[in-house]
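Trainee: So the sequences go chain by chain: U and B. The opening position of the first sequence corresponds to residue -5 in the working numbering, with each subsequent residue numbered one higher. The opening position of the second sequence corresponds to residue 561 in the working numbering, with each subsequent residue numbered one higher.
Simulated from the structure, these hints should not be mistaken for laboratory data. Ideal Cβ placement from N, Cα and C applies to all residues, glycine included. Don't take each hint at face value.
To be clear about the criterion: a stretch of chain B counts as covered by chain U if any three or more of its residues have a C-beta under 8 Å from a C-beta of chain U, and this derived list gives those stretches [as the list claims (entries may be wrong)]:
hint: 1; stretch: 597 to 603
hint: 2; stretch: 659 to 673
Taking beta-carbon pairs under 10 Å as the criterion, some of the chain B residues facing chain U (in silico) [as the list claims (entries may be wrong)]:
hint: 3; residue: Gln566
hint: 4; residue: Glu616
hint: 5; residue: Leu650
hint: 6; residue: Cys651
Pairs of lysine to aspartate or glutamate, EDC-like flavour, derived with a Cα cap of 16 Å [unchecked claim]:
hint: 7; chain 1: B; residue 1: Lys596; chain 2: B; residue 2: Glu644
hint: 8; chain 1: B; residue 1: Lys579; chain 2: B; residue 2: Glu616
hint: 9; chain 1: U; residue 1: Lys64; chain 2: U; residue 2: Asp(-3)
hint: 10; chain 1: B; residue 1: Lys600; chain 2: U; residue 2: Asp20
hint: 11; chain 1: B; residue 1: Lys601; chain 2: U; residue 2: Asp20
hint: 12; chain 1: B; residue 1: Lys601; chain 2: U; residue 2: Asp(-3)
hint: 13; chain 1: B; residue 1: Lys612; chain 2: B; residue 2: Asp656
hint: 14; chain 1: B; residue 1: Lys579; chain 2: B; residue 2: Asp656
hint: 15; chain 1: U; residue 1: Lys62; chain 2: U; residue 2: Asp20
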Amino acid sequence: GEDVEQSLFLSVREGDSSVINCTYTDSSSTYLYWYKQEPGAGLQLLTYIFSNMDMKQDQRLTVLLNKKDKHLSLRIADTQTGDSAIYFCAENPTGGSYIPTFGRGTSLIVHP
Amino acid sequence: ETGVTQTPRHLVMGMTNKKSLKCEQHLGHNAMYWYKQSAKKPLELMFVYNFKEQTENNSVPSRFSPECPNSSHLFLHLHTLQPEDSALYLCASSQDGSRLANYGYTFGSGTRLTVV
Chain U
-5 GEDVEQSLFL SVREGDSSVI NCTYTDSSST YLYWYKQEPG AGLQLLTYIF SNMDMKQDQR
55 LTVLLNKKDK HLSLRIADTQ TGDSAIYFCA ENPTGGSYIP TFGRGTSLIV HP
Chain B
561 ETGVTQTPRH LVMGMTNKKS LKCEQHLGHN AMYWYKQSAK KPLELMFVYN FKEQTENNSV
621 PSRFSPECPN SSHLFLHLHT LQPEDSALYL CASSQDGSRL ANYGYTFGSG TRLTVV
């Protein structure tokens, strides 16, 4: 299997909450990331969480980390049509390379 | 404006052409990266430069040739490409290629390359 796994699609209605899930394999990863890619654009760093944290909140975004299950989630409250994009989960590996491993990305589609 | 600028935004080239992609950042970062993004595939790291030195070549075919003249500029020289090389090529930068890279990458908007 892949090192970082995400479901490929998520569809929600405007105003609802979105939860994008990710599982990773390297239990000693110290940093985990969420990036957003809008159509025709590159990846934009949304947030990152250090492995000694369980949760991080930034306005409408909440990141939850379950180290035991190697599970990371991104919750977007009050999802707007402008949130439609591809969301990438990434982990930084051990071994000193400092190069993150990215998931394939989850396409979030927000319906009016 | 992301801070990382890539040109051109779109490029169509024949298999016998030679072209170059350019990436520029003025964020004061010292590490720069080339990634390939193809449909339905994970993001593929191609090359890493840290303080102008190439530190990673991820088994990339020799028809792709990177150049990093200084910490602010990165090029990808292309020659005799194949149609399967058509993809979005993304440039990224980070403060450095080690511990400070943990704070994340800044990506450019990419060059959409089509090889005909």
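Trainee: Now tell me if each hint is right for this structure.
Mentor: Cross-check of the supplied hints:
1. 597 to 603: holds (count 4)
2. 659 to 673: Result for this restraint: holds, n = 11.
3. Gln566: holds (8 Å)
4. Glu616: holds (7 Å)
5. Leu650: The hint holds - Leu650/B has a Cβ within 10 Å of chain U, the shortest such distance being about 5 Å.
6. Cys651: Since chain U brings a Cβ to about 8 Å from Cys651/B, closer than 10 Å, the hint holds.
7. Lys596/B <-> Glu644/B: The hint holds at about 12 Å.
8. Lys579/B <-> Glu616/B: Not satisfied, since the Cα-Cα distance of roughly 22 Å exceeds 16 Å.
9. Lys64/U <-> Asp(-3)/U: Roughly 11 Å between the alpha carbons, so the hint for Lys64/U and Asp(-3)/U holds.
10. Lys600/B <-> Asp20/U: Violated: Lys600/B and Asp20/U sit about 23 Å apart, past 16 Å.
11. Lys601/B <-> Asp20/U: violated (20 Å)
12. Lys601/B <-> Asp(-3)/U: holds (13 Å)
13. Lys612/B <-> Asp656/B: Distance of about 11 Å is within 16 Å: holds.
14. Lys579/B <-> Asp656/B: violated (28 Å)
15. Lys62/U <-> Asp20/U: holds (11 Å)
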